[in-house]
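Engineer: Those sequence lines, one after another, are chains A and X.
Sequential numbering of the first sequence, starting at 35, is according to the numbering used here.
Sequential numbering of the second sequence, starting at 550, is according to the numbering used here.
For the record, the hints were derived by calculation from the structure and aren't laboratory data.
Glycine is no exception: its CB is placed at the ideal position from the N, C-alpha and C atoms.
Possibly wrong hints are sitting among the right ones.
With a Cα cut of at most 16 Å, we get these calculated EDC-like pairs of lysine to aspartate or glutamate [stated by the list, open to error]:
1) K857/X x E800/X
2) K857/X x E247/A
3) K857/X x E251/A
4) K857/X x D821/X
5) K614/X x E715/X
6) K614/X x E658/X
Here are a few chain X residues that sit away from chain A, every Cβ distance over 12 Å (derived from the structure) [what the hints assert, rightly or not]:
7) T635
8) N649
9) S728
10) T736
11) E800
12) R802
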Amino acid sequence: MTGHLTDDQLGTLARSGVSDNEGERTHLASCASCLDRLVELERLRRSVQATPRRIEAPLDLWPAIRADIQTKVEGQDVDRPSTAVNSFNNWTQRWNRVRLAGLAAALLLLTSASIASFVLGRRSGRTVVSAAANDTSVVTSEPASDAEPTAITSPDSGNDMARTASSGMSEVMLDDADIHAEQELLADLEMRRSSLRPETSSEIDSSLTVINEAIAELRAASARDPKNATLRQLLAASRERKIELLRQTENAS
Amino acid sequence: MSKPNLRNYGEPRMSVVISVIMLAFCPWMLATDALAQQGTGQPTRQSSGQRIERRLAVGANASVKVFVPSGSVSVVAWDRDSVVVTGTVADGETFFFGGNRRGAKFGVEGSSSGESGPSHLVIHVPATSLVSIKCASADINANNASGWFYTVDGNIRLSGHSREVEAEAMSGDITMMVSTPWVRARTGSGTLTLGGHVIDADASSITGPVLISAAGLTRGKFGSVTGNVVFAAALGDGGIFDFDNHSGVVELRLPSATAGSFQLTTVEGTIDDNITSLKPASLSADRGQTLAFRLGSGGAHVTVRTFKGTIRLRH
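All chains, please: the whole structure from these sequences, using the hints.
Structural biologist: Below, the structure is given as structure tokens:
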């Protein structure tokens, strides 16, 4: 074997752990670069596997929903006149409870599915604007005069703080999934490379170079200042842009 | 004096005879071809290098998928429940067409050599249909059409009213002058221009400039890696706007009556502010600035982040 192992070969090796190909084994034994890439891929695979496949909705939501339903149903009971059709009313009441319980279960399921799809999917094309505007590391602005506009000297509400916290958490949770998606998309791109027009291939490469350089700069800055939320957000945006570009290339061949 | 060549007098007569025969058979040939192409809804193939025309009755909400590698595609939405395709197909390439009431799928298949010649299609679709148009180097023009538009290095120009629009180009430009509730647009090195009337927009590029002047915006996510982002529009009351850029400029040209809270941060760049009289604070001793302020009461919530690109504020 003369050249390095392809991403596809390394990906297969990382998944299976063994190779039937004598050439691949020989090459790996003598090529530190390919071995490093394989080790990195295996590490990524393990970390992706370690992420939860699904996220359960909090179980403690149900008692509150049930209590709420119970309260409402009992409120209806008080208003209901005691008549000869009590048996029918009881049956209706039971049916209503079943319906409400069903509705609550459906809501719970929807919530669970939404959380799971948000965390694991992150592929929606719709605009999701992060309102996590306030960077906790931001130094306050210095007003030069007393006139309007007013300077905001600190994160102005607990709500904003909560939004910042939640976006940060999502970023951490999405990190490994993004790496995995990126690796797969890059491998796909290489497989489709021969079917691309040369100018398209060149355009993709130059765009990827620009994004990779930006990511490298942001990573280096983030390493120097790991608590800087703006850097983390910019890094996340650049990586998202890279994944979007790679997805775009799927239609280019 | 030379004798006239008598054979030359005979040839025109033969040509006339052949032409008459062909003219007599031509309508019949065209009619049988048209009958073969219509009615069945089965995919059909057309020899290339000639004008094409296809019609298909579809439902109002039909999906219309189109593939044209090179040339141009013009989409016009109309108030009829049918898809009509006219135009020319490049020499050596084939036109395929198929579909039923639920949708139509058609396009141009390139030659075996790999290089595609320019084909030019004009497509009429029901106004409430959803189109999906994919091109390599072809330009796309669409009026009143909704759906997904993709080209690698062609240009995309969208206008009129749409339910929703998604457009992607790599090196081509995207120009949207649409009235729509929702837009998503991506370019690589091409220029992305968003005008018209849009409520929710998500637009970004890699190196190309992003220019936003749409009215009615209440949600906006705009960004680039190295391209400049220029926002010259009103911020919808209660809206949320998010801008990010790595090294390109983010310029906000805001109307004088703008209200909202602003959080601007550049890690290594500068803030050039001609709107407020506030002095940005430094992030560190030698680089980076941040500025947080409010204009008026209520209004929009605006966040701008860049790594080393300048943030500009202008009226």
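Engineer: A separate judgement is required for each hint: does it hold in the structure or not?
Structural biologist: Hint check results:
Straight-line distance between C-alpha atoms of K857/X and E800/X comes to about 14 Å, which keeps the hinted pair within the 16 Å bound. Taking the CA atoms of K857/X and E247/A, the gap is about 13 Å. The hint holds against a cut of 16 Å. Proximity of K857/X to E251/A is assessed by CA-CA distance (about 10 Å); at most 16 Å being required, the pair is judged to hold. Of the pairs offered as hints, the one joining K857/X and D821/X holds, with about 13 Å between alpha carbons and a cut-off of 16 Å not exceeded.
Proximity of K614/X to E715/X is assessed by CA-CA distance (about 14 Å); at most 16 Å being required, the pair is judged to hold. Simply put, K614/X and E658/X have alpha-carbon atoms about 14 Å apart, close enough for the 16 Å limit, and the pair holds. Taking the minimum C-beta to C-beta distance to chain A, about 25 Å, the non-interface status of T635/X holds against the 12 Å cut. N649/X, annotated as away from the interface, keeps every beta carbon of chain A farther than 12 Å; the closest lies near 25 Å.
Here S728/X stays apart from chain A, with its beta-carbon at least about 17 Å from theirs, past the 12 Å limit. At the 12 Å boundary, the C-beta of T736/X falls inside the reach of chain A, the nearest C-beta of that chain being 10 Å off. Every CB of chain A lies more than 12 Å from the CB of E800/X, the least distance being 18 Å, so the non-interface label holds. Non-interface call for R802/X relative to chain A: holds, since the shortest CB-CB distance, roughly 16 Å, exceeds 12 Å.
Consistency with the previously given hints fails for number 10 only.
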